[in-house]
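K.L.:
One-letter residues, chain by chain:
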Amino acid sequence: MANIELRQVSKKFGESYAVKPLDLHIKDGEFVVLLGPSGCGKTTTLRMISGLEAVTEGQIIFNGQDVTWRHPSERNIAFVFQFFALYSHLTARENVAFPLQAEGIGREEVKRRVAQVSEMLKIQHLLDKRPGSLSGGDQQRVALARALVRQPAAFLMDEPLGALDAEFRETMRAEIKRLHIDQKATTVYVTHDQIEAMAMSDRIVVMSRAEVQQAATPTDIYHNPANIFVASFIGSPGMNLIPGRYADGSVHVDGGSFTVNDGWRAALAKGLDADGSVIVGFRPEAVEVLAEGAVRGEIYAADMHGSYSMLHIELKRDQIVHIRADRGPHYRIGETLAFSIRPHMVRFFHPKTEKALNPENMA
Amino acid sequence: MAANSAPVRTPVTISTRVDQVGLRPRVAGAVRAVIAIIIAVIMLIPVAWMTMTAFKALPDAVSVPPKVFFTPTLEGFVNLFTQRRQLSAQEWEAAKQRTDLNWAELIVLQRQQTIIGQSQFAGQLVNSVVIASTSTVLSVGFAVLSAYAFSRFNIPGKDDLLFFILSQRMLPAVVVTVPIFLMYRQLGLYDTHLGMILLYTSFNLSFAVWLLKGFIDEIPREYEDAALVDGYTRLQAFRKIALPQATTGIAATTVFSFIFSWNEYAFALLLTSDRARTAPPSIPLILGTGGIEWSTIAAGSLIFLIPVVVVTFALRRHLLRGVTFGAIRKG
Numbered sequence: 106m107a108n109i110e111l112r113q114v115s116k117k118f119g120e121s122y123a124v125k126p127l128d129l130h131i132k133d134g135e136f137v138v139l140l141g142p143s144g145c146g147k148t149t150t151l152r153m154i155s156g157l158e159a160v161t162e163g164q165i166i167f168n169g170q171d172v173t174w175r176h177p178s179e180r181n182i183a184f185v186f187q188f189f190a191l192y193s194h195l196t197a198r199e200n201v202a203f204p205l206q207a208e209g210i211g212r213e214e215v216k217r218r219v220a221q222v223s224e225m226l227k228i229q230h231l232l233d234k235r236p237g238s239l240s241g242g243d244q245q246r247v248a249l250a251r252a253l254v255r256q257p258a259a260f261l262m263d264e265p266l267g268a269l270d271a272e273f274r275e276t277m278r279a280e281i282k283r284l285h286i287d288q289k290a291t292t293v294y295v296t297h298d299q300i301e302a303m304a305m306s307d308r309i310v311v312m313s314r315a316e317v318q319q320a321a322t323p324t325d326i327y328h329n330p331a332n333i334f335v336a337s338f339i340g341s342p343g344m345n346l347i348p349g350r351y352a353d354g355s356v357h358v359d360g361g362s363f364t365v366n367d368g369w370r371a372a373l374a375k376g377l378d379a380d381g382s383v384i385v386g387f388r389p390e391a392v393e394v395l396a397e398g399a400v401r402g403e404i405y406a407a408d409m410h411g412s413y414s415m416l417h418i419e420l421k422r423d424q425i426v427h428i429r430a431d432r433g434p435h436y437r438i439g440e441t442l443a444f445s446i447r448p449h450m451v452r453f454f455h456p457k458t459e460k461a462l463n464p465e466n467m468a
Numbered sequence: 254m255a256a257n258s259a260p261v262r263t264p265v266t267i268s269t270r271v272d273q274v275g276l277r278p279r280v281a282g283a284v285r286a287v288i289a290i291i292i293a294v295i296m297l298i299p300v301a302w303m304t305m306t307a308f309k310a311l312p313d314a315v316s317v318p319p320k321v322f323f324t325p326t327l328e329g330f331v332n333l334f335t336q337r338r339q340l341s342a343q344e345w346e347a348a349k350q351r352t353d354l355n356w357a358e359l360i361v362l363q364r365q366q367t368i369i370g371q372s373q374f375a376g377q378l379v380n381s382v383v384i385a386s387t388s389t390v391l392s393v394g395f396a397v398l399s400a401y402a403f404s405r406f407n408i409p410g411k412d413d414l415l416f417f418i419l420s421q422r423m424l425p426a427v428v429v430t431v432p433i434f435l436m437y438r439q440l441g442l443y444d445t446h447l448g449m450i451l452l453y454t455s456f457n458l459s460f461a462v463w464l465l466k467g468f469i470d471e472i473p474r475e476y477e478d479a480a481l482v483d484g485y486t487r488l489q490a491f492r493k494i495a496l497p498q499a500t501t502g503i504a505a506t507t508v509f510s511f512i513f514s515w516n517e518y519a520f521a522l523l524l525t526s527d528r529a530r531t532a533p534p535s536i537p538l539i540l541g542t543g544g545i546e547w548s549t550i551a552a553g554s555l556i557f558l559i560p561v562v563v564v565t566f567a568l569r570r571h572l573l574r575g576v577t578f579g580a581i582r583k584g
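Residue numbers (the working numbering), protein chains in the order written: chain A, 106 to 468; chain B, 254 to 584.
Chain B with its partners taken away, still in its complex shape (with noise of 0.2 Å):
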């Protein structure tokens, strides 16, 4: 403004720089931050111990007063994917001569123990994933075109309908175990695959409907009613114009439904034993004998979280989009 007399100086009242603001804004800023980072601490305080645990070896693991700083270890990464034997006084002085051995080989040697082959983790763990996914996939595919057609279609009967799927879910799980269990023995279902395919779907169906069909309410019609007077069918308009538009929608609901596939306990725990094992009731068994395997239950943990949380950072630029949309205002 009166950049070419001589500066004068203002007292900054309002300003976009930071060194201008002034006291008062600043302290609340940094008390706003602060409580900010003590309430991430405390949320993530959990997760970095269990992290640490799953890197210390047993007797740090254990140590009492709990160790912060400590010599970071594998072992834990390696007991879960191996079986091993312990070894005799004679045999372990003579592994320790031995210089062919591998790094998690040598691992346990100072346990005095040695592998003695794969543990069923791995394959558990891709069980997991295939079913997880699998069951993600068709419920969110399902519930997609189901919620479209609740929300557009006058379908008689709707209302019943819509409240008959949300019955699907309300008979707790303790509940339906164990009928189910039978019907799958006669069915040949029992530790497949399939089953847990099947069972995972039918219970995300009914809750990712009624999550999609808000998501899909939510978008006006005029842009489909646009699209088929523009001369496209109305499979078209769904493809090209509320698929779309239903993508923050998908995202939720592709993580809420994965989330709980992948966490799902009970029933896993009842209807497989070893060919469709997941990791969720697995990772108890690790507990060991003598004395609590806490690293090994740890990296159990730390591994079995990673998918949750790479599904839900791959969705998060859908996720966040939300509602600030459309280009249709509500007037």
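One chain only, chain A, in its complex shape (with noise of 0.2 Å):
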């Protein structure tokens, strides 16, 4: 299959980056999420892998060979759309069977693998129909299946749940999961959905103005964010963040104040600056509500969740932090809550440079 590398790939649009200078080593079977918001330069990467984009600057390494310059059709990859990019004047079948006839491959073959990969997405009884007369969810499996058919060395995914209705996005969310765990291909796929994100790759990219902000597994992007974007942007809600001040062993922020252990004193004491102001950052399943928490505030509302209940809390005014408690009591406004931070799930940023300060063994 393939492995890709881009070394220092960068895209410039008239003046300005669409893409800064980018790192990225994408493995063999790998399946990559690039993540970010809208206008990050997600897409454009996924183009210039692609070859659909030339880039500005840098080179993209298909195994070991230098592709930079190689015409989309040379480089061996199946491309899916956001919107299916499906022909409308063309039959599903036709539409499947249209990469292999790029190849020249014979009529009995081109109907060989064409039956195999319908079978394999379940699209067979759709063959005959136009895409127009196709719901969401089944033009993209046609998509799906037109990339499948070539057989390629890697996917590309340009956000293809974006344009399916929420009940198929779910269903489709799994096909192609389990498309990648059966195929191993290496795909690399874009979106801008984290649940997706999540759910379904190796690792995550996160990009945001143009620059990768951290490359990591899902599970490190959402404990240990690289920096206070990665930390807000991921989980819904995100991080919570709040100003602090660090000074021997213990942080106050407002509405109380917390020791650390022992593995961040020496981080914080070496990370920050010599007043000590710090971002404290939290998730909302990172607390306890209990009488006697280091941290009090008023509650703001409450959601009930069904398992559980989201409060958010007003530490000072304009200061809120959402937190996950149980669903057991009844929480009323206007009273005042108090909770601890677990303190193995609290991470620390330092407030000018926004990037994550690191203990020296992580608990």
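Worth flagging that the hints you see were computed from the coordinates, not collected in a lab.
Keep in mind it's a predicted model, so treat the numbers as computed, not measured.
Note that the Cβ used here is the ideal one computed from N, Cα and C, for glycine as well.
One thing to keep in mind: the hints can contain errors.
To be verified - Listed below are several chain A residues computed to face chain B (Cβ distance under 7 Å; list not exhaustive): (1) HIS194; (2) PRO204; (3) GLU208; (4) SER238.
Build the complex from these two chains, which are given one at a time in their own frames, with help from the hints.
P.N.:
Next comes the structure, spelled out in structure tokens:
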């Protein structure tokens, strides 16, 4: 199959960067998701990998070969588009067979491979229909079949589920994931939906403002965000980020203070400026509601989420944190609530560089 | 539903059966139909009148009040395609005795005339067909290529070029006719098919590029991107993907270009005389001696109208398919 390497690849439109110089190594068989808000350069990156967009500078290497200036058709890749890009003047069958015809493959072989791939995606009954008469999910299945039929070295997918209704999206997500497990094909997948990214990928590349913010496993991205952007972008709601001040082994925030464990002390002492100001980050599920909790605030609102409650706590005016609590008791708005942050789930960021601080030895 | 039990009449509120639709919607439908028919009649009266006049004998054509019922004759058409001579009374009597005259000669004989040869109209019609269709094919062909390029590639100075192309149409014809006349005379293009084809092609081209660019812009790039990664070259992607999707636009542009070249009057009048003269400048010259030959003019206009109708109808399927085309949904 393929491993894909991007070396200092960048793209400029006019004077401004669409993608700043970027290094990325995608291993053979890996499912990598490029995740970011719209306009962050993720689609441009994908299009550069495919060859549909020329790079401004840098090199793209497929299996050790420089393909930077190769035509898309010479890269042995398949592209799946958000709006399916099925040829509406052809039937589903002709659409699936289309890439094989480009290679001049014999009629019998085309028939065999179309049959094989349509069985895999369960679209046999749709083959004689035109794309216009198919549902969104079925259109995307046909588009996936067209991508699969050539047995390409890598799949590039540009928000393939973005145009689908919510109910199809769940199903197709599972199908694509399953497909990847069966095929073990290198896949680069672009999305702005973090749930998709979390659910499907081996590795997430978070992009923002034309730059890679962090490239790591979903677990790492979620628990150890590299900077404030990743921390707030991932999760819904994102990580709570509140300003605080570190001094002598404890952190003071509005609403209370708490001590940090030894692993953090050295890192905080070394990493912060002299005044000790720091951004404290913690996920909503990193807290425990306790009467003797270290931080206090007023209940601003409480949402019932079925298996849990999401509480919005006002530490001071206009500073609200979101915490996850048992659905048990009734939380009355305006009441004061105390909670503590589980020590191993707290994260710290430098307020100026916005980068995460790393403890000496992670607990 | 409850079909097996005894039928119970319930008042029908919504039905697809015409005989069960309530009075009010039926009246509204009828009113709409009447209005549509009135508009259609108003629009068609001139065409119908022209068609009738083409089949009238001269006295019927100029009679006051106008005649709606008349004996149809091909006199106008015969006059259009022939040159005739007035017979003296003596010759007329002699001609009446002859039995070897064909139908056309019999028709002109009624007006004491005899056919002495073909008129130039047939040749001018052929000129019109050749010049209009060649220039249409050329301008649409070139326009598809350049519109595709403008739509898909980053061409340096693209906006300026597009404006330059548009500006080709900004000068009114009267301003450029004389310079073009002088230029054509120097170049030996005066009164040639080539000259007229070049002229109409360049006129249509600017308009066709803009029109087609709009249509091609509407075709999502993803189609061609998909073809490119599927292993096709840019040219194959253009031919197999973009071109079939652009049929609506190409059909519309073809109709517009053809109508322009077919109808163009001013340049044809000034830049042609015998060899390359097209039909439009010659129709008014049919006026004739001793009274306006209305049926001949109407006959010429009617024949002149037919190719435009044919081209438009031939392409109407593509024209109507319009925007319901793509399978790409814009989310």
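K.L.:
Output the indices of the hints that this structure fails to meet, ascending.
P.N.:
Hint 4 contradicted; others consistent.
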